[in-house]
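A.B. asks: Sequence:
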Amino acid sequence: MSGLRLSEEHLRNVLWKDIGSLDPDKYIIATYLAEIGPYPPKRVVEEMAIENSTGTWTLVKYETLDIRDKYGAKIVSVINAKNNMYVVQLGINGENYDPETGGLANLLSDIAGNAYDLIYINRLKLIDLHFPKSWASAFPGPKFGIEGIREMTGTKESRRPIIGCIMKPNLGLDADTMAKMAYEIASGGVDLLKDDEALVNPKYCPLEERVVKIMEALDKVKEETGKKALYAFNITMDRQDKMVEAAEAVKSHGGNHLMVCWAYVGYGGIRRLAEDPSINLPLHVHRCGHGALSRIPDHGIDAVLISKLGRMAGADEMHLGAIEGKFHYSISEVIRHIAVFRDPLYHFKPTLPTLSAGNHPGNVATSCEIVGNDVLLLAGGGIIGHPISPTAGAKAMMQAAEAYIKGIPVEEYAKEHKELEAAIKYWGVGVAKKIKGT
1 MSGLRLSEEH
11 LRNVLWKDIG
21 SLDPDKYIIA
31 TYLAEIGPYP
41 PKRVVEEMAI
51 ENSTGTWTLV
61 KYETLDIRDK
71 YGAKIVSVIN
81 AKNNMYVVQL
91 GINGENYDPE
101 TGGLANLLSD
111 IAGNAYDLIY
121 INRLKLIDLH
131 FPKSWASAFP
141 GPKFGIEGIR
151 EMTGTKESRR
161 PIIGCIMKPN
171 LGLDADTMAK
181 MAYEIASGGV
191 DLLKDDEALV
201 NPKYCPLEER
211 VVKIMEALDK
221 VKEETGKKAL
231 YAFNITMDRQ
241 DKMVEAAEAV
251 KSHGGNHLMV
261 CWAYVGYGGI
271 RRLAEDPSIN
281 LPLHVHRCGH
291 GALSRIPDHG
301 IDAVLISKLG
311 RMAGADEMHL
321 GAIEGKFHYS
331 ISEVIRHIAV
341 FRDPLYHFKP
351 TLPTLSAGNH
361 PGNVATSCEI
371 VGNDVLLLAG
381 GGIIGHPISP
391 TAGAKAMMQA
401 AEAYIKGIPV
411 EEYAKEHKEL
421 EAAIKYWGVG
431 VAKKIKGT
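Numbering (the numbering used here), first residue to last: 1 to 438.
Since the hints were made in silico from the structure, they are not lab data. All values reported here derive from a predicted model rather than from experimental measurement. Incorrect hints may appear among the rest.
Heads up, simulated DSS-like pairs for lysine-lysine below, C-alpha to C-alpha not over 30 Å straight-line [stated by the list, open to error]:
no. : residue 1 : residue 2
1   : K143      : K26
2   : K156      : K168
3   : K133      : K70
4   : K220      : K143
5   : K203      : K228
6   : K203      : K156
7   : K203      : K180
8   : K156      : K418
9   : K26       : K228
10  : K143      : K42
11  : K425      : K415
12  : K156      : K143
13  : K203      : K220
14  : K180      : K133
15  : K220      : K168
16  : K406      : K418
17  : K156      : K349
18  : K228      : K180
19  : K251      : K180
20  : K61       : K82
21  : K156      : K227
Model the full structure from these sequences, guided by the hints.
C.D. replies: Structure below.
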């Protein structure tokens, strides 16, 4: 068969396969939602399979029937969901991509690449990827995961929600002011603080100076209270070598946590930090930019798949939006995120789901009722904007978490906790008063 040239009559025999006939230790199953234009759907899906593997727009000399059969994508399912929308499943030979070197960058360049530009397809969304164990085993997954973060924050026994704070304003503060604010917030008892995604290494607040001064502030809080918070320093950078240098600098100055922005360092950047044994710090992954790929319901890459791949690459914590906040979300999507972060997945430790963007003490209970206790609740304005002080804001968030764990309504708990009472009067319970109706 290896000497045969492809022809139209051979096409269907090698493209269409029953999923049960594919080697589960070899094939990656990709699921798409495709809006097909005024063309025969089966023919369009065939073009999609060809584009996603060995072929091009015309037959070529060296693409033999054997090449197509062994290495070409296989169509395993096409279901008409509604009108011109089809759920398409392709079997992708994992041997085409070396998971150790090419990894997700190589894979996604192919299966989430040129097919989006085919003239026969109006919209296309990559919904999910199922990997053979042989392929997934090359990836590290989270180094610390939920239990590791709980160990570091002293919450293994209480199992309460982990509470964190995003430093605000996002930009414009020098290292001394950042350290002062970190001291005030950490004095309120939060478990974790973090840079905003916009802040990395501006001249007015250099990363290394920021690390030194903030860690000194957190050490001072530990001397006074016995508790030392984690601080996730943002090292999002173009060059991975510079990012690794930054991670090493953070660690050398006593830093205890790192942060990167997924969309702009890529899964390779996450993986580089997670796999490096000399760094060995938890990795907080921000998902800013995901909406450019995921927000349109029937085009792009599904947000939950973005999260799943983040867990594979090594995210110890990863954002999924907020239950009641300022960003777009749906409850069903949040629940799907929770599943890919916390449910068993190959050998990977669970990733700690992170809720942020509009959190405040009055919506802690609502969030936890939906996602459970194994969650990192981040508040920026919902702590620092507290009407009394940032320290009071931190205390109010901690008190709200305590109320939830004890099963006491937050309004009731607030009667004996002035910081929580002030927060509820200012922002309300549920969606913050400042954003109701928007």
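A.B. asks: Please write out, lowest number first, the hints stated earlier that are contradicted by the structure.
C.D. replies: 6, 9, 10, 14, 20
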